[in-house]
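Visitor: Given next are the chains, with one letter for each unit.
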Amino acid sequence: MKRWNLYTPEGVQDILFTNCTQKRMLENKIRRIFRLNGYQELETPTLEFFDVFYSESGLIKQESMYKFCDSKGRLLVLRPDLTVPIARVAATKLKEEDFPVKCCYIGNTFSFDEIGGGRQNEFTQAGCEILGTATPESDAEVVAMAVEAIKATGIEDFQVDIGQVEFFKGLMEESGLSPAEIEEVREFIDLKDFVSVEQVMERHQVEETLKHLILDLPKLFGSKDILQHISCRNIGERAAKAIENMKCILEILEDRGLARCVSVDLGMVQSLNYYTGIVFRGYTHGVGFPVLSGGRYDNLVSKFGKNCEATGFSLGINMVLMALERQKKTAVPDDGGCLVTYEEGARKLANDFCQALIANGMPAELDILQKGMDAARSYARSKRYNIIIKIKRDGSREEILP
Amino acid sequence: MRYITIALSKGRLTELSLGLLEGAGIDCTELKDSSRKLILSDEKNKIRFFLAKPSDVPVYVEYGAADIGIVGKDTLLEEGRDLYEVLNLGFAKCKMCVAGPSALEGRMDEVSITRVATKYPETARKYFRHKRKESVEIIKLSGSVELAPLVGLSEVIVDVVETGRTLKENGLVVLDTIADISARMVVNRVSMKMESERIGKIIEAIRSQL
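Residue numbers (numbering that gives the first Met the number 0), protein chains in the order written: chain P, 0 to 401; chain F, 0 to 209.
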């Protein structure tokens, strides 16, 4: 019995004409800006072995992946992410002399209940990665690229928050908390739940300056002045280094004229086992989820057998489209266009005329309905053409408004 | 200026939430007029409110349809949404508990529990899976959960306990406490960043009354 033949599965959608055109236009704008900035596009397969994404640390939860088997019974997944395949490529396909590599991608990813897609199970991501360098310049470069990409989409009012996971890791190392307690503190900081952080910290003997800093973590977001007020004494070398690294990156961003777009959030403590340096997220009005996220992930490529520093970001195309729609900034594609109709016996003339228009870049089509003027008019309106041209037997043309 | 939208839980939290908002200088008179309008506003401060079923409040806030929400911790635990939980408002206090017949008291570790009835299936599942490392069958009910062990539907229940009177009158006792519950103020992760100044002021104005 065919019960589901009329439906699409949960979390996936048909994207029809206008929306699809808008989406392609957006992707093209982003692709163009990536390329202009020296990023080379690559494509990885939609299917990968499960093992590529599986890790001890549970980077990507197995229950969030679409799984099935190949003809030899090996476990496959629909890629839940595009950065991991690029790390695989970096470790296995690229040669030493290729590095550093600046690459970009635009592709669909699949995941059950992924927040990044705004609760869509199939969503398009566009992103950049820089592989093989650990300089603050490269981190600033990807943040700048992320800002440029958002700007290119037409979103004007947005903000990019930058954090540093090493800062939190350093503070925790210094505090002497157990891994379970660290996870507890991390969760509360992530929720900006001040009271609970305090409750956990009260159970422990932690040096005062350090303790205050940990208690303040949920509040440490806003302008970059926050960094100036942190005293690097008594917080340990690792955390102090993280602050220096952030200051350096923010300085570079200032030189690039991006100080206005970026702010600081030291309480960004998600995905600690993935990121190893700065992390950042981009926000705008109209969508409740970040439109982009990224950061430094120096340990990912080594999972595939080669040490290689890396930093990058990805932009959620579906999120951006939603934001543009809510902010009433969706570009309605309007190339004009023309329906060419003809009298009996003028078919060849009409076809030549129509082809000439197309060759000149004007959307045009021949009236294949052949049901008279009223039908032609209503068809032309439905395609938003702004003119109908009727070709007569003697070669003369009549222009008719749809 | 954009509107800041606040989602309030319909029911026992409503009155107390309104008190706090009024104390923070937000005009809630329109809401008190018990009209049939679904969305009400304080035009001076550019703040909108609506009342929603408690379990829907975290959903509105997560999606950014509301910037701020006031909701019980029990609902937050159950919904598991990705939000900022900025204030413990301290009212509507109770405990999320495992309860069962008094014969089980102090013997939770000895007997194996197979069926748990609850209005909070996710909370119960997480508790048994992570804290007790047990796989149990969760039976979702919509009310009067205390009935379940009495008629043999389940061995224990997971529910919020305020005074414990209902439990006591039915011969049930608290076997373990899962979490302390009270009303919380939650904020959407993006709103917190995009409107940090205005939302920060509201948080401070409410915090100062606690």
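Calculated directly from the structure, the hints in this document are not laboratory data.
Beta carbons: idealized from backbone N, C-alpha and C, even for Gly.
Treat each hint with caution, since some may be false.
Derived contacts from chain F toward chain P, CB cut-off under 10 Å, selection only [unchecked claim]:
no.	residue
1	M0
2	V60
3	G63
4	D81
5	E84
6	R131
7	V135
8	S190
Visitor: Any CB of chain P closer than 10 Å to the CB of E84 (chain F)?
Guide: The hint holds - E84 (chain F) has a Cβ within 10 Å of chain P, the shortest such distance being about 4 Å.
Visitor: Using the nearest Cβ pair, does G63 (chain F) come within less than 10 Å of chain P?
Guide: For G63 (chain F), the interface hint holds, since the closest Cβ of chain P sits about 2 Å away, which is under 10 Å.
Visitor: When the nearest CB of chain P is found for S190 (chain F), is that gap smaller than 10 Å?
Guide: holds, 7 Å
Visitor: With a cut-off of 10 Å, does the beta carbon of D81 (chain F) approach a beta carbon of chain P closely enough for the hint to hold?
Guide: Holds, about 6 Å.
Visitor: Going by Cβ atoms only, is V135 (chain F) closer than 10 Å to chain P?
Guide: Violated: closest Cβ of chain P sits about 19 Å from V135 (chain F), beyond 10 Å.
Visitor: Are R131 (chain F) and chain P close enough, Cβ to Cβ, to be under 10 Å, as the hint says?
Guide: The hint is violated - R131 (chain F) has no Cβ within 10 Å of chain P, the shortest such distance being about 16 Å.
Visitor: Using 10 Å as the Cβ threshold, decide whether V60 (chain F) counts as touching chain P.
Guide: This hint holds: V60 (chain F) lies near chain P, its Cβ roughly 8 Å from the closest one there, short of 10 Å.
Visitor: Could you check if M0 (chain F) really has its C-beta closer than 10 Å to a C-beta on chain P?
Guide: violated, 12 Å
The structure shown violates the earlier hints numbered 1, 6, 7.
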